[in-house]
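Going down the list, the sequences are from chains A and B.
Just so you know, our numbering puts the end of the first sequence at 498, numbered straight through with nothing missing.
Just so you know, our numbering puts the end of the second sequence at 391, numbered straight through with nothing missing.
Careful: at least some of the hints might be erroneous.
[What the hints assert, rightly or not] Computed from the model, here is a short list of chain B residues facing chain A with C-beta under 8 Å:
(1) S19
(2) L21
(3) A35
(4) T38
(5) L47
(6) F277
[What the hints assert, rightly or not] List time: in silico BS3-like cross-link candidates among lysine-lysine, alpha-carbon distance up to 25 Å:
(7) B:K313 to A:K437
(8) A:K418 to A:K328
(9) B:K29 to B:K147
(10) B:K156 to B:K124
(11) B:K313 to A:K480
(12) A:K437 to A:K480
(13) A:K235 to A:K328
(14) B:K29 to A:K403
(15) A:K457 to A:K418
(16) B:K156 to B:K138
(17) A:K255 to A:K235
(18) A:K255 to A:K403
(19) A:K235 to B:K29
(20) B:K191 to B:K156
(21) A:K473 to B:K313
Bear in mind the hints are in silico, worked out from the structure with no lab data behind them.
Cβ atoms here follow ideal geometry from the backbone N, Cα and C, with glycine treated the same way.
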Amino acid sequence: MNFTSIDSLQSAMRERNYIAERGLATSLFLALKLNRPLFLEGEAGVGKTEVAKVIASLLDTELIRLQCYEGLDVHHAVYEWNYTRQMMHIRLLEARGEKANEAELFGPEFLLRRPLLQAIEQSKTKPPVLLIDELDRSDEEFEAFLLEVLSDFQITIPEIGTIKTSNPPVVVITSNRTREVHDALKRRCLYYWIDYPSFDKELEIVQTRLPGAPAKLARQITGFIQELREMDLYKLPGVAETLDWTTALVALDQKALDPVIVDETLGAVLKYQDDVEKVQGEQARAILERVKAGVD
Amino acid sequence: MNGQFLHNLLLFGRVLRRLGLDVNPGRMMDLVSALDYIQIGNKSDFYHAARTLLVHERDDLALFDEAFELFWRKPAESWGVGWQGLARPRKPKRPIVTHPPLKEAAPQSDDSSSTSAETMTVIEITRTYSSNEVLRHKNFAEMSVEESEAVKQMMSHLLWKVSERRTRRKRPGKGHLIDLRRTLRRSLRAEGEIFSWSYREPKLKPRPLVVIADISGSMERYTRLLLHFIYGMKAALTQPVEAFVFSTRLTRITRPLQIRDLDLALKNVGILVNDWAGGTRIGESLKTFNFEWGRRVLGRGAVALIISDGWDRGDVELLTREMARLKRNCHRLIWLNPLLGAADYEPLTRGIQAALPHIDNFLPVHNLASLEDLAERLSDLDRRSNGVAPGAKKTSHERGKAILP
């Protein structure tokens, strides 16, 4: 699918149940046009990873995901040899009285392709969407390596040669900011900070993603969450929590919020005991009062 | 695109650069090529395009928004007038409010070159073993200008090293994990026969350090030298060192301390912080730290240093809660207290009482000798506790309760 304008991209995303702000749609549109990676930052649960999924579905291409963690190395990000198979092969040849040929042992059939290699290989036919998730969890060594890959989209495997593509994949990088990602890498990307959505936008997200939720409940939940985000909490609830909570309350067959059910299900929204204690009871009731006065 | 617009665009880039944003020619060219794909007439699209290409730091977004609004309100007419008012702490035009206690108000001529020459002579004189020994044990608060200059010199020679932790990255070595890659490679030399296994071990890396220093009124006599000490530590260590100061509110001073020129760095810190020698609100400052920075700087087994005398006028309950939270989020929590140097000092203030149960080490920081002790302890953290050395036992003396010297 080829997008001619930001509008068309924005509405196509909406059709796939992703409500994107104009700014995000612009960043994504330009990332596609300029062939640059898109760097998404934001608090947990605001839909960063979801962007990559939606764009893969829009472009009707595969999504290749690389989950980052500390110590992520070339063998898990790019390629690895299948040692056990290689050893078996040696033994089998031995049994037949033959000797192992090194060129054969390190051929494509013994190569395990990890996400980055997959993405570059597939780009030759149809560029996939490459999601590099939670880059802040990896370490500086990997970041430096990634910078190299992103600048020329080629990978050298000593035993095989250089694999490259002139038609790079669509790259989406996400970060939760648990560590500052190096400027050099960010400079290569288009940057977008995904903020918490406004009331109207969040309500729209709830209604789009969970059409079965009663309208009144959806409005109250959204209002409640918006109020929580104004509070002095250690971990503010993201959109993911709004959706979780709605799902939970729909499953409990609630038509509206009441103080008892709020206290009982607050764990779906707040993930730190300090925060739960702070809100539970009196605070929750006060918020509920305000929300009911405001949205009903 | 007409020439006038391009001209304004480049000018806008310059304005942003002056405000401290990381805008380089490459980015500007990206923006120019992006304009082929959007309608320039649509201001909102142009705004979003410029924003996504020219900013790559969340903290810069608000500054960009303001600059954009001012600059493009009446392009071609009023540019170059309004934006001067936007100057931010990062590159401030003039110092704000109070003067930091970084420079002595001592006898100093206006000519800085002659001052440094004098200082140099002083150092020459004090460079004898015995006077150095005296100086090493002299309380920072009781030092004359000359002595503190000499101590600053000696401070810059301190060797800082923070002990290492095992990372999850592996490297070839003598660990317990089999390195199949190397094993197979080596076996091929023997026609596929495996005679010996190769192993991998965790790579070690020095722990990140986070320093949170009290610069309130009661700490004033120590502040100047302690900032030198923080600067020296940051300059000497290769791993991330984050620095914060507080009296009534918390300020991050990591960026200004990165400058290579010490005097300029400390001057910039002075400009950035505007509550020098104010009251103390440790609890609130730690809360700000925990909520806004903890998750971003305390990962990867960081060691946290709090420097304060514990004179707190804030909420004790809050302090207890935030100390506990901080303790949970770092590998080691060390509290440095200049008052601990006094022989008759007892940690009786409410603040210290609240904090003590959550501290791993409670150490003095009143003279050079105490800094040397700190340096040694920092390099030794993991041998003493649960770090690198396998089988090392935790003693109740080392963990769980604070250690008094």
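For each hint, the structure was consulted:
1. S19: 7 Å, holds
2. L21: 10 Å, violated
3. A35: Where the cut-off is 8 Å and the nearest Cβ of chain A is about 6 Å from A35 (chain B), the hint holds.
4. T38: It holds, given that the least Cβ distance between T38 (chain B) and chain A is near 4 Å, below 8 Å.
5. L47: Cβ of L47 (chain B) sits 6 Å from chain A, so the hint holds.
6. F277: Holds, because the Cβ-Cβ distance from F277 (chain B) to chain A comes to roughly 6 Å (cut-off 8 Å).
7. B:K313 to A:K437: This hinted pair holds, its Cα atoms lying about 17 Å apart.
8. A:K418 to A:K328: 45 Å, violated
9. B:K29 to B:K147: 52 Å, violated
10. B:K156 to B:K124: Given that 25 Å is the threshold and the Cα spacing comes to 46 Å, the pair is violated.
11. B:K313 to A:K480: 21 Å, holds
12. A:K437 to A:K480: Satisfied, since the Cα-Cα distance of roughly 12 Å is no more than 25 Å.
13. A:K235 to A:K328: Distance ~16 Å between K235 (chain A) and K328 (chain A) Cα, so the pair holds.
14. B:K29 to A:K403: Holds, at roughly 22 Å.
15. A:K457 to A:K418: The given pair, whose Cα atoms are some 7 Å apart, holds under the 25 Å limit.
16. B:K156 to B:K138: 40 Å, violated
17. A:K255 to A:K235: 18 Å, holds
18. A:K255 to A:K403: Given that 25 Å is the threshold and the Cα spacing comes to 20 Å, the pair holds.
19. A:K235 to B:K29: Between K235 (chain A) and K29 (chain B) the Cα gap is close to 19 Å, so the pair holds against 25 Å.
20. B:K191 to B:K156: The hint holds at about 11 Å.
21. A:K473 to B:K313: Since the Cα atoms of K473 (chain A) and K313 (chain B) sit roughly 19 Å apart, the hinted pair holds (cutoff 25 Å).
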